[in-house]
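*Asks:* Sequence:
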Amino acid sequence: MIQLFLLHFAGGSIYSFDFLKQYLSQDIQVIPLELPGRGKRFEELALKTKKETIQDYVKQITLMRNNAPYCIFGHSMGATLGLSVAHKMQKLGDQPLSLIVSGNAGPGVTYDDEDPEKQKKKRYLMNDEEFKEELRELGGVPEEVLLNEELYSFFMPIMRADFEVLEKDEYSEEGIQLQVPIYAIMGTEEKTSAQIENWKRFTLSNFKYKILEGNHFFIHKQCKELSEIIKNCYEEYLQPSIL
Numbered sequence: 168m169i170q171l172f173l174l175h176f177a178g179g180s181i182y183s184f185d186f187l188k189q190y191l192s193q194d195i196q197v198i199p200l201e202l203p204g205r206g207k208r209f210e211e212l213a214l215k216t217k218k219e220t221i222q223d224y225v226k227q228i229t230l231m232r233n234n235a236p237y238c239i240f241g242h243s244m245g246a247t248l249g250l251s252v253a254h255k256m257q258k259l260g261d262q263p264l265s266l267i268v269s270g271n272a273g274p275g276v277t278y279d280d281e282d283p284e285k286q287k288k289k290r291y292l293m294n295d296e297e298f299k300e301e302l303r304e305l306g307g308v309p310e311e312v313l314l315n316e317e318l319y320s321f322f323m324p325i326m327r328a329d330f331e332v333l334e335k336d337e338y339s340e341e342g343i344q345l346q347v348p349i350y351a352i353m354g355t356e357e358k359t360s361a362q363i364e365n366w367k368r369f370t371l372s373n374f375k376y377k378i379l380e381g382n383h384f385f386i387h388k389q390c391k392e393l394s395e396i397i398k399n400c401y402e403e404y405l406q407p408s409i410l
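Positions 168 to 410 (my numbering) are the ones given, in order, by the sequence shown.
Careful, some of the hints might be misleading.
To be verified - When the alpha-carbon atoms are kept at most 25 angstroms apart in a straight line, the in silico SDA-like pairs for lysine to any residue are as follows:
#1 K377 - E340
#2 K398 - K217
#3 K367 - D336
#4 K335 - I325
#5 K367 - R327
#6 K398 - T216
#7 K258 - Q344
#8 K258 - I169
#9 K255 - F186
#10 K388 - Q262
#11 K217 - C390
#12 K288 - N365
#13 K358 - F321
#14 K335 - V225
#15 K255 - K288
#16 K217 - K388
#17 K377 - T216
#18 K288 - T216
#19 K391 - I181
#20 K391 - F186
No lab work stands behind these hints, which were simulated from the structure alone. Since the structure is predicted, the reported quantities are computational estimates derived from the model, not experimental observations.
Produce the entire structure from the sequences given, and follow the hints as far as they go.
*Replies:* Encoded structure:
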């Protein structure tokens, strides 16, 4: 059975893509991955460097591989890490069919081009007031979590650790060249969506992109469209199956 490895967004977990599973063909083994510090790996210490997170994801994929074709799909933080993970798998001689990235214009594009002062601030170093506003702007975090101090105190360290992963070494991906296609997807309301073609620089193969209606978490409302994109990446292996 062909495989699909899912890399979650900052603050996400193994459950972050549950909404998508029902739209995918039974011919695809959907495998959501999870970093330490959350979900089923709650008792493990959260990782705070790209090197550690990439190694962790590569180890998970390697252990779960079944020798069938596979794709990697990452949203937001998962998209950034997915590029390096795909590159590591390529070096190991087991590259994916394609890398699907969403909610992210790719390495080298700042998360808020419209506010130069804001660009200088690392999100993981923001005070709680600034951090909560940043989370509100991104969306995806229920307001009750931000207003409830107990919930926020539980959730905040995970988010800060994930942002630290992304922002300590913001452009370690310089020079990566995949030999597989990249398909990039972003929401119309995302501030960097106009720069989505930045992803093209990271592949020697085909590049496609699509802008869908919605904010940073457009994926929750565009399940059918996402499933079609995933289907296209597996097309020759799924015939005559239909998602």
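*Asks:* Against each hint, give a clear statement of whether it holds in the structure.
*Replies:* Against the structure, the hints:
no. : hint        : result
1   : K377 - E340 : holds (22 angstroms)
2   : K398 - K217 : violated (29 angstroms)
3   : K367 - D336 : holds (21 angstroms)
4   : K335 - I325 : holds (15 angstroms)
5   : K367 - R327 : violated (29 angstroms)
6   : K398 - T216 : violated (32 angstroms)
7   : K258 - Q344 : holds (11 angstroms)
8   : K258 - I169 : holds (20 angstroms)
9   : K255 - F186 : violated (28 angstroms)
10  : K388 - Q262 : violated (30 angstroms)
11  : K217 - C390 : violated (29 angstroms)
12  : K288 - N365 : holds (23 angstroms)
13  : K358 - F321 : violated (29 angstroms)
14  : K335 - V225 : holds (20 angstroms)
15  : K255 - K288 : violated (30 angstroms)
16  : K217 - K388 : violated (29 angstroms)
17  : K377 - T216 : violated (30 angstroms)
18  : K288 - T216 : holds (18 angstroms)
19  : K391 - I181 : holds (21 angstroms)
20  : K391 - F186 : holds (11 angstroms)
When the structure is compared with the earlier hints, violations turn up for hints 2, 5, 6, 9, 10, 11, 13, 15, 16, 17 and for no others.
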